[in-house]
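Kindly produce the complete structure, drawing on both the sequences and the hints.
Order-wise, the sequence lines are chains A and B. Per our numbering, residue 61 is the first one in the first sequence, and the count goes up by one each step. Per our numbering, residue 2 is the first one in the second sequence, and the count goes up by one each step.
Keep in mind the hints are simulated off the structure, nothing from the lab. Don't take every hint at face value.
What the hints assert, rightly or not - Dumping the calculated SDA-like pairs for lysine to any residue here, alpha-carbon to alpha-carbon at most 25 angstroms:
#1 79/A / 325/B
#2 118/A / 273/B
#3 109/A / 276/B
#4 118/A / 357/B
#5 118/A / 354/B
Claimed, not checked - If you want the footprint, here are the derived chain B segments under chain A, 3+ residues with CB under 8 angstroms:
#6 213-227
#7 265-273
#8 322-330
Backbone N, C-alpha and C define an ideal beta-carbon position, used for all residues, glycine too.
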Amino acid sequence: MTSTATPTVSVRLTAVLQKLTGGQKTIEASGRTVAEVFDDIEARYPGFKAQVYGPDGKPHRFVNIYLNDEDIRYTGGIDTALKPGDVLDILPALAGGQ
Amino acid sequence: MSVNVYIPTPFRHLVGNRANVRATGVTVRDIIDDLDRQYPGFRAQLVDSSGRRARHINIYVNQVEIENLADEATELHEGDEVAVIPALAGGAPTVLTPEMVERYSRHIIMPQVGSAGQRKIIESRVLIIGAGGLGSPVALYLALAGVGTIGIVDFDVVDRSNLQRQILHQTDDIGKPKVQSARETLLAHNPNIEVVTHETPITSDNAMEIISQYDIVVNGADNFATRYLVNDACYLLKKPLVDGSILMFDGQATTYLPGKGCYRCLYPAPPPPGMVPSCAEAGVLGAMCATIGSIQATEVLKLILEIGEPLVNRLLLYDALTLEFRIVKIRRDPNCPLCGDNPTIHELIDYEAFCGAPIPHAAAPFGG
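The structure is reproduced here in structure tokens:
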């Protein structure tokens, strides 16, 4: 059964995205790839993918996704395979300075 | 021979507030004479009591100091660019006065700084973009440290809603230009320094001219268009850029050294307008400014002193709610349009079009 092998990972969100998760900073989600984890989050927190993906179905270029502190743009993008216990960070650019 | 002469901010009141004027002559001396004819009192700004050019004034022809050429006898050619730049050190070695030795004693006592390092700090020129939440603590700590020339770019005036976090400004400053309030606060803390105020929005038209006058740039801007603009100008001018940003309870900081990655490598494109809120829209915990701003000031001082490991190719993330600091890797992107292997951006572009949002300017204040 592949479902039993589907890894559960932690996903950390910045304050702006936490409004979708009822203020939760870290959520658990399942998936064999980053894309599957995002599908899982979307199922529970509708609207999540609209924040992370652009109209082309790829992550926005102002949103960086890190897998264990490495930018997934350099590890295979949203198709990057995950293993249990991995930590994903979703970090949109911030402009505030004033 | 008619040449363009760049006039620094402190002297612009003499030339009708223009940054560039034309002057005619065969040598640098002729140019100064011509400027004095056109703008009476100009030469008096450049000379000391003995009538010789003051040691804190440097004159450059095509970015070479004329002491390295033929001084005021340096001959000019059509199209040459002359710049008159007042400097704190003025080519002479900086002398630490007894007052300075006492003031900076906690720096000087450390072997990593010493009197040589303190002199480097005094001789340095740092530009701060924005006298707001981040710019305030950065400017204050750099002023206290003795950074000899601090430039501040801001077009805004102090608003009551700024006072929750912008420590350069006080209640009595409401309504005052931020650069003026900033200058007064910094000089009250340390009268040894020079504060150069650029009371203007930074734009594609003036960014190169302003940034070229400094050694290091600190970004405390409040909008994406300005962040891309400052990034591109710093890369094109080969200036280190110490970046920081804050929103709600999150902060980010990193340092870009030319050729080792840039803001475009980290964020290739800005968010569509409205997708990421500003501090004015979403709020920011005031004390966060000091956390990130102090890190930026620390980075500047490390770069000046050439000590430690700068925050290069690393993005520091600060979460105030969990009080966690983390660092993620960032890399120079070989496909970066600015600093990649085959760049397509060779000069400043239209950043308002790029970001789909205006660079805030005085007529339409933004954020704050």
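Structure-based check of each hint:
no. : hint          : in the structure
1   : 79/A / 325/B  : 20 angstroms, holds
2   : 118/A / 273/B : 15 angstroms, holds
3   : 109/A / 276/B : 13 angstroms, holds
4   : 118/A / 357/B : 20 angstroms, holds
5   : 118/A / 354/B : 22 angstroms, holds
6   : 213-227       : holds (count 6)
7   : 265-273       : holds (count 6)
8   : 322-330       : holds (count 6)
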